[in-house]
Amino acid sequence: MAFAGRRDVPEPPDFGILKRLARDQLIYLLEQQHEVDKLYKVESRPALSTSDQFCFLVRPRIKTMRYIADIVNADKMSGRSRKYKIIFSPQKFYACEMVLEEEGVFGDVTCDEWSFYLLPLDEDIISMELPEFFRDYFLEGDHRWINSVARALQLLNSLYGPFGKTYGIGRCAKMSYELWQELEEESEGDGQGRKPEIGNVFLMDRDTDYVTALCSQVVYEGLVDDTFRIKCGSVDFGPDVTSSDKSIKVLLNAQDKVFSQIRNEHFSSVFGFLSQKSRNLQAQYDRRRSMDIKQMKNFVSQELKGLKQEHRLLSLHIGACESIMKKKTKQDFQEMIKAEHSLLEGFDIRESTSFIEEHIDRQVSPIESLRLMCLLSLTENGLIPKDYRSLKTQYLQSYGPEHLLTFHNLKCIGLLTEQSAGETLTAVESKVSKLVTDRAAGKITDAFNSLARKSNFRAISKKLGLIPRVDGEYDLKMPRDMAYVFSGAYVPLSCKIIEQVLERRGWLGLEEIVRLLNGNEFFVSDSTVEDNPAWESQRVILAVFLGGCTFSEIAALRFLGKERGCKFIFLTTAITNSARMMEAMIEAKA
Amino acid sequence: MDCYTANWNPLGEEAFYRKFELYTMEWSLKEDLRDCLVAAAPYGGPIALLKNNARKEKSPSARPLLEIYSASGLLLASIPWKSGQLVQLGWTASEDLLCIQEDGTVLIYNLFCEFKRHFSMGNEVLQNHVLEAKVFHTEYGTGVAILTGAHRFSLTTNIDDLKLRRMPEVPGLQKPPSCWAVLSQDRVTIILLAVGQDLYLLDNTSCSVVTPPGMSPSAGAYLQMAVSFNYRCLALFTDTGYIWMGLATLKEKLCEFNSSIRSPPKQMVWCMRPRSRQRAVVVAWDRQLMVVGNSTECIQYKRLTIEVLLDRLVLRRLYPLAIRICEYLRLSEIQGVSRILAHWACYKVQQKDKSDEEVAHAINQKLGDTPGISYSEIAARAYDCGRTELAIKLLEYEPRSGEQVPLLLKMKRSKLALSKAIESGDTDLVYTVVLHLKNELNRGTFFMTLQNQPVALSLYRQFCKHQERETLKDLYNQDDNHQELGNFHVHSSYSEKRIEGRVGALQNALDEYYKAKNEFAAKATEDQIKLLRLQRHLQEDFDKPYLDLSLHDTVSNLILDGHHKRAEQLYREFKIPDKRYWWLKISALANRGDWEEMEKFSKSKKSPIGYLPFVEISVKHHNRYEAKKYAPRVTPEQRVKAFVLVGDLDQAADAAIEHKNETEMNFVLSKCTASTDAAVAEKLNRARAQLLKK
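Chain order of the listed sequences is A and B. If you're matching positions, the first sequence starts at 1 in the working numbering and goes up one per residue. If you're matching positions, the second sequence starts at 591 in the working numbering and goes up one per residue.
You may find that some hints are simply not true.
[What the hints assert, rightly or not] Here are the computed lysine to any residue pairs in the SDA-like style, where the Cα-Cα straight-line distance is at most 25 Å:
(1) A:63 / B:753
(2) A:338 / B:1198
(3) B:1063 / A:66
(4) B:1169 / A:66
(5) A:386 / B:1117
(6) B:753 / A:54
(7) A:63 / B:790
(8) A:338 / B:1200
(9) B:1165 / A:54
(10) A:174 / B:989
(11) A:338 / B:1252
(12) A:411 / B:1084
(13) B:1169 / A:358
The hints are simulated quantities; they were obtained by calculation from the structure and are not laboratory data.
Let the hints inform the model, and build the full structure from the sequences given.
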């Protein structure tokens, strides 16, 4: 609709094969190998079943192992004998077996692995469905999932041919790339010799850009995610949306003809589009009145079903819009967006700080308050000591003292820090970044994860021109740049970096930016892949987000792709948003 | 001129046969094969022969002799048999020799008569002895079936994954069956046996009588049976000389034949020529050979693949020949040459006459960095042969550090294993080593080792967080990490049920935070202790739950319940900022509907949050009457908004006009409805026009 868009955008590779792979593997495992006949969800309550065999399909987490061990031990106590099978996905970890052993149930269970790495959510989004990646790697310094990322890349490489150029930034990106290369060497590359379908890969650590992920989303898909939480590509629309007494689960992807036209749009233009659409639909229905019998027959047999389907989707999305409007057009939301924009642009900081303070004092929402505090810290390179203390004190008074530990986490990961006096932090930082060049030493520095890194947001923003100059109203219906995903106020940093590097075919000329982003950039060109600009694959880019990416970023890059006549495919450890990131940092009670 | 058909003899009316010698056996056997235990491996594999087995007196000179020949009779190896009485010999699919003893022990040798390992067929077999045994092959591998002296069957389907199955009893079986065979159907192994005129089928759970379709009722008692190699066909021979041939599922008869020979045949086997569509049974007596066949379709099985062929050459240590074949067939390095070289290296490390250096060097010379070569596998073989030093030398050639770890652990070089694991970047491997070290070293040394490996340390901490909380404390103590110790105690305070316990844990946290010089955390913890104690009093005084509420909620609840004095006390004691207190108090009062108290409060002193919130909160509770009281007290800048909120558009308009503010005027105008607010709208339009004129 609104996008002027070039028409020669290449086709994305077909993920059908991936889907089939995953489905067939799972069915084989569950039905053939383990004779599963009924599926339950693993929840934190005892499983009640009379079946004499339990089969658990789980992530390799210690907590889950203890849950299973409890079930087995409870059965033993009551003299029940069953068979227990655990299927680990994507892989089994030794530590899990160790826990089973320590809990005394190792002999009672048998283990299996389902090496499932990639779930295609849509025709351009693949998710590893590893939301825990973010906390595990960036907070706890746990490298376990890097192996999974490397294997995912290897799988894609074997299915879609060799990637010609690999760009990346971030330490995790670098490690994943190196591990993947080792895997390729070992396997002697199945994908070699295959015609490449994906010409470029861009790997990025989430901590390269926290700011974008913490902004309120205003494109439709992002808003739906922020408001209703999209899970595995589908959303539960509650009674307030369906205007009935039941919830409806809706798949949100390119197959949904209505959704696919509004997903990337700024929310302000969505409602208008939907009402236009429903008028058109009505007009199509109305054509019946002037039809003769034959035309009517034709209409019923060929068009009616499609129209009905469209009508159903339309009313659901209109319902969703109304529900979002109710929540988001309130004064509060408008003021919050205004405060956010001030933070991004870097003016009226005192006013924004007061806004945040009031937000906390009025107990508006613990997650939102935390998000705003982090946004303030990130954009200002840390809070001034007075604010750092007072905002935290206010927060503890409002939302409970257990958040003392949350603040510790936020400090460790660098999301909420105190402005340092003088050069102390920078000195350690430069020492660390020197060590990072050496791979083995790079791993040592992970123990220093707690060394909060400066975000340098203001300087980067200035250099890259992330805040568009406003001359007149920003036309959100006819966007001119990626800033439209944030109402024209801010170009997402992550997407801007990708745009710049692809444009320059490398990091040349971005040295200062790279330094401000704490380095760890790389670019590798595979000499065995022919560099033929005429190939479609040259215009396909796999954007890999380690630690999650948001729908706003996806929308921005989809826009960039249309502008530049290229196609972005997204591989992310999980779809994330500000609330998910904040929740990952909260230290749960007990 | 050659006459091609000269040596073909007629057989019946349509078929011909000829006899010719393929090759001469090289061996010069003095013994009659009849007196030996013999086993020939499938696909023209080796032949094993045990001589002098029958002799009962076991003088050293007359010990049985185990010999292994190639298919053409070349002696490959031989050893005197010193173990127990053998009942049966058989070959596995990978050309290992199985020697089944009377007591149920099965000894495994390679084709050079080198002992590999042994296993037992279980207690029942040990007690009742082996009467007969059969070695069979299925897609699961090589299996062994035993008939014991108690006339019971025991079997295992795969000797590499030993699971013994004792088959159910055959009712009324007092003597050994006249003949029996192992069948494999639908991935289940079953036994077919004949007792007199009855056929029994034994599966895991039951024993059933079966009758082959189309069996002649006067056929008589079964003497012999034969199953085809692929378990599809079955042939039965009875004491009337009758032969039944059909599918092994016993669902279909293929043909029958009366041989008129009543004596039991010495041998009966299925014979299928690869490219022919015919299958036939060959029956042999002392001086007679009979081929019985039909001509229905036949599925061809091609089991001997090129990989198996190469394996066979490797087993015979014919490495150069194997490599030559790989090169000729242009197999990829990983499939071909590397695999053979690796086998060669594994053989090489067993040569005890050469020094470690020599062997390591020779191996590296030849293998270099050929893809697909695993030095760690070769090293493991060296270690198995007791050559630890050689193993370590070989490991140094292994480029993938992760691959070195398991062997290093096995050799008890744990610290080296830890560094290698970390180098590999494989977290799971690091875990493996860490947890291994934990059991191997004493606690002090273990912690010290971790101190030098930050990655391992952080992983272990992760493990402890979920599994061993107390160890976590010890770890933090060891490196005086007071901040984390403080966090630890705060965390454990949550799981304390009693309030004293909770306060105690927080007190500990407080001490640690002080040591960590984290004043903020110390102050926050101190406040939390104070709050907990206060909440307990409140709970006792008012008999309502206060514990676990945040300070804000505690004060808010006090106001909701009308305990204004206590709320005031907390406000002062915890130095709650004025703004927060005012927000909190007016929303609690509004919730309570205590408008009188709210008005009193609004007049107690100048509001630090202004008076717009009073208006907003009253409107939110649908109380316009109260809201109107506060609207005039709102600061001039917010007054328009306040009057609009309370629905007094006239006053809102006046304020906007007074401010000469077009945006405000438009805002008020947008709220006006034509029917009721015409006067206001007119007033505003006039003012706006005037404003624009200027």
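Okay, the hints, checked on the actual structure:
1. Using a Cα cut-off of 25 Å, the hinted pair residue 63 of chain A and residue 753 of chain B is violated, with the two alpha carbons roughly 33 Å apart.
2. A threshold of 25 Å between alpha carbons decides the hint, and for residue 338 of chain A with residue 1198 of chain B the separation of about 23 Å falls inside it, so the pair holds.
3. Among the hinted pairs, residue 1063 of chain B with residue 66 of chain A is consistent with the structure: their alpha-carbon atoms are about 21 Å apart, no more than 25 Å.
4. Taking the CA atoms of residue 1169 of chain B and residue 66 of chain A, the gap is about 47 Å. The hint is violated against a cut of 25 Å.
5. A threshold of 25 Å between alpha carbons decides the hint, and for residue 386 of chain A with residue 1117 of chain B the separation of about 19 Å falls inside it, so the pair holds.
6. Of the supplied pair hints, the one linking residue 753 of chain B and residue 54 of chain A holds, its CA atoms being roughly 22 Å apart against a limit of 25 Å.
7. Between residue 63 of chain A and residue 790 of chain B, the direct Cα distance comes to roughly 53 Å. Violation of the 25 Å bound is thereby established for this hinted pair.
8. With a C-alpha separation of about 21 Å, the suggested pair residue 338 of chain A and residue 1200 of chain B falls inside the 25 Å cut-off, and the hint holds.
9. Only pairs whose Cα atoms come within 25 Å are accepted, and residue 1165 of chain B paired with residue 54 of chain A is rejected, the gap being roughly 56 Å.
10. The hinted pair formed by residue 174 of chain A and residue 989 of chain B meets the criterion: a straight-line CA distance of about 20 Å does not exceed 25 Å.
11. Using a Cα cut-off of 25 Å, the hinted pair residue 338 of chain A and residue 1252 of chain B holds, with the two alpha carbons roughly 21 Å apart.
12. Distance restraint check for residue 411 of chain A and residue 1084 of chain B: the Cα-Cα separation of roughly 22 Å lies within the 25 Å cut-off, and the hinted pair is therefore satisfied.
13. At roughly 8 Å between alpha-carbon atoms, residue 1169 of chain B and residue 358 of chain A fall within 25 Å of each other, so this suggested pair holds.
Checked against the numbered hints above, the structure breaks hints 1, 4, 7 and 9 and satisfies the rest.
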